[in-house]
Amino acid sequence: MRKWLAIALVLILMPAIPSSNAETNLIDVGIVENIDSKFVHASFTSSSTILTLTNEGNLSEHFWGSGQLITQWSLELNTTVNSATMDGSGNLVAIATPEGAFVVNIIQKTITRTLNSTNSVDYVLWDAEGDLWLAHYGGERRAKEHGTSGLTGMATEPHNTALTSLALISENRIVTGGRDNLVKVSDQNGTVLHTLSDFSSYPTKIINDGNGNIIVGCVNGDLFRYSFSDWTKEELTIDSGQSILSITMTDDNKILVGTQNGKLHVIDETNYTESRSFSSPGRVIIANYGADGELYVISTFSSSSKIRLFDIDTDGDSVTDSLDDFPEDSTQSTDSDGDGYGDNINGNSPDYFPDDGSQWSDADGDGYGDNPEGNDSDAFIDNAEQWLDTDGDGYGDNLNGLNGDRFPTDPTQWVDSDFDGFGDQIDGTNGDHCPNQNGFSTEDRIGCKDSDNDGYSDPTDDWTIEDGADFKIYDKSQWRDSDGDGYGDNLSGNDPDSCPLDWGNSTNAYVPEVTGQGSLTFQYVVIEKFGCLDSDGDGFYDAGDDLPNDARDYIDEDGDLYGVSVDFNDSNKLVQTSQDHCTYYPEDNSEICQGVRDSDYQNYLSKTESNGESADSYYTWRQKVAASEAENDDADSYINTAMEILPYLGGGFAVMIVVLLILATVSKARKRSKLVKQYGMPFVPGEGVAEKEALEGKAGLSAKGGVESDKYWEDEIEPMDLETTKQSEIGGFDDIDVREGKLEQSTDVMEESSSIEELAGLPPQSTAEDLAISNESPADLEEPVSPPIPESGLPEGWTMEQWKWYGAEWLSRQK
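Going by numbering that gives the first Met the number 0, the sequence shown opens with residue 0, and the numbers climb by one from there.
Since the hints were made in silico from the structure, they are not lab data.
For every residue, glycine included, the Cβ atom is placed at its ideal position computed from N, Cα and C.
Simulated pairs of lysine-lysine, BS3-like, Cα-Cα distance not exceeding 25 Å:
| hint | residue 1 | residue 2 |
| --- | --- | --- |
| 1 | 448 | 475 |
| 2 | 606 | 623 |
| 3 | 623 | 803 |
| 4 | 37 | 305 |
| 5 | 37 | 108 |
Each pair of labels, with its calculated beta carbon distance range:
| hint | residue 1 | residue 2 | range |
| --- | --- | --- | --- |
| 6 | 396 | 481 | 44 to 50 Å |
| 7 | 384 | 461 | 27 to 33 Å |
| 8 | 463 | 374 | 50 to 56 Å |
| 9 | 321 | 396 | 46 to 52 Å |
| 10 | 236 | 280 | 18 to 24 Å |
| 11 | 347 | 372 | 20 to 26 Å |
| 12 | 396 | 463 | 34 to 40 Å |
| 13 | 372 | 461 | 37 to 43 Å |
| 14 | 512 | 461 | 45 to 51 Å |
Could you build all of it, start to finish, from the sequences and the hints given here?
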């Protein structure tokens, strides 16, 4: 009983201002304590203790401590008690009894005054001067003043029937209510100052609300509020319509109205309207809110009292906040071990160890708690296969479990993902720089792929050659390239860098040959020279390159700064071009020099090259010009012949002759054009000449010997290795089918029927062959150098001899 009584009373001792939302969430918890006596009074002392008085005369003072109500003292009055009232100081309590009244000093715990009365005293009231007013329900039906010496002779005007209520308001005025449906306001002399008669039923409870008003509750549930200043009123009727027994003011502007038959109504003091009601069987003598907004209602019965709790259920889980260990979590309500985690395993923040206050979570469900400071803690809260970590490296001792420690006694290593024997932790013992790649490098980094097993790892995106990786992963003899030119520093390895500290792109050098005795000769040879400066990018080291800034050549024998591939005569410093040659050697009557000296051909070259077209060689050009002139001469000859025989023939025959002449001209022109396209001349060349072999090879060339055009000496031609020229000429055509033997000569294309002149009996005319320019070659020059052979090999049917003389012309026609 004491525990719940303490709860009920301490909440009254502690000011409470519950929110409207809290009131909305209140649910009926039920009876929380039964008391075997009927309370007639409960009030608070100046020292914030609670004073209770039962109808059997037990007066006790209590305080709250150690979670329960502790009684400081009790005083048995051994009398029946009707009511009691505390004085303004909180140190004295006046008690009404059927025989009169007692005054008890609760500080001294003694009865300090006894007042006797022939009529039962039902109500007692302290006035502002410390005098007592004793009121009688029946009999006198009025209140009489008692001073320290006894009755003062002052009394209120009696009511016609019973006196039902008593109160004190400002200016020491006494307010009484009676069954005559009247409320009378009297001064200290008993003079009625004001009478209130707005009631349809008699008043049962009158209080001073402390805000300048009196509140009057009636037997029919009417509730009136009057202002002291002008006696204006407000009124309402509580929903239950029951007799009002108690009126209590709260600190949050609410009026709690208890009824005779188990109802509590909540009135909003501000707008004077009812906001809610609660049911609590019995006579509701007092109610108040607790510190957290819970509501306690004390009801009395004939011989007992009950405390009912209307508690807040913030989370709506049907468990009130006072009983709910998780008042704001509807999924949890109980915490058996008090660790802050709920016993409901399916709720929020469940306690997987409800009887162990040091553990609550087991994320991986392995039976070991996640709290590292708790009992049997799990070192791996998210890994059901691990829980112990002996070396403290974060990996479990269970090798076969997830994240098992492959090095359980080495705290610096735990995983070897690639099973190469090196731990993945780079800063640990023999840390693997490539933990996900099985590798055995040991020099620049540990445990990475080493393709050539030289101890240096293959480069990766995050470990480059600059970092120390092997720059030649398939060459065990090389691993470092200090200057980054692609050639290794190891001079005893493959392709060693002759200039290891200087970037270079050379592969060769053209230098004097060294004899076995170490002396230099005048014979120059090509040697390997890797990794030195090659300014022109032709592969030759600048110091071993006659032309270090000309990528076309590395040989310049005459020192005229024109390489062998572009110098018309690399043995004569005065001759670089064909023009130079033909000027320097006026006796040279080769095709080249004839072309240089022929202004018409030079004009033809200028026009052709300006149009972006490929020009014919000089002899081919002359043959085409001659063929064109011959065609024009043939046409003129036929016309002249026709005109000569026309007088001897008839008109019809003349027409026929003209037609035949035209057809013959067209046919012959077509044949001549075909020959020119096939051989570069309007006739089939004779046997035994180089031109025939070239022409039957479909090259379309007719010239022979020498350099055919100055422009070909100016093209960029890849440098030739003079040391290997002969070899390439001998064995460089192993993969090409070369036509061998004597080529067949076809003469069908030259066969023609008799001419018109022969049919007409006229002398034969000159033929195109007679008019063609002789194809005799001028005096032979020095044998030309073969042009570079195409990647696809020699053209079909060509020989190296043909290619030497006519290859340049063929190449020009392919552009």
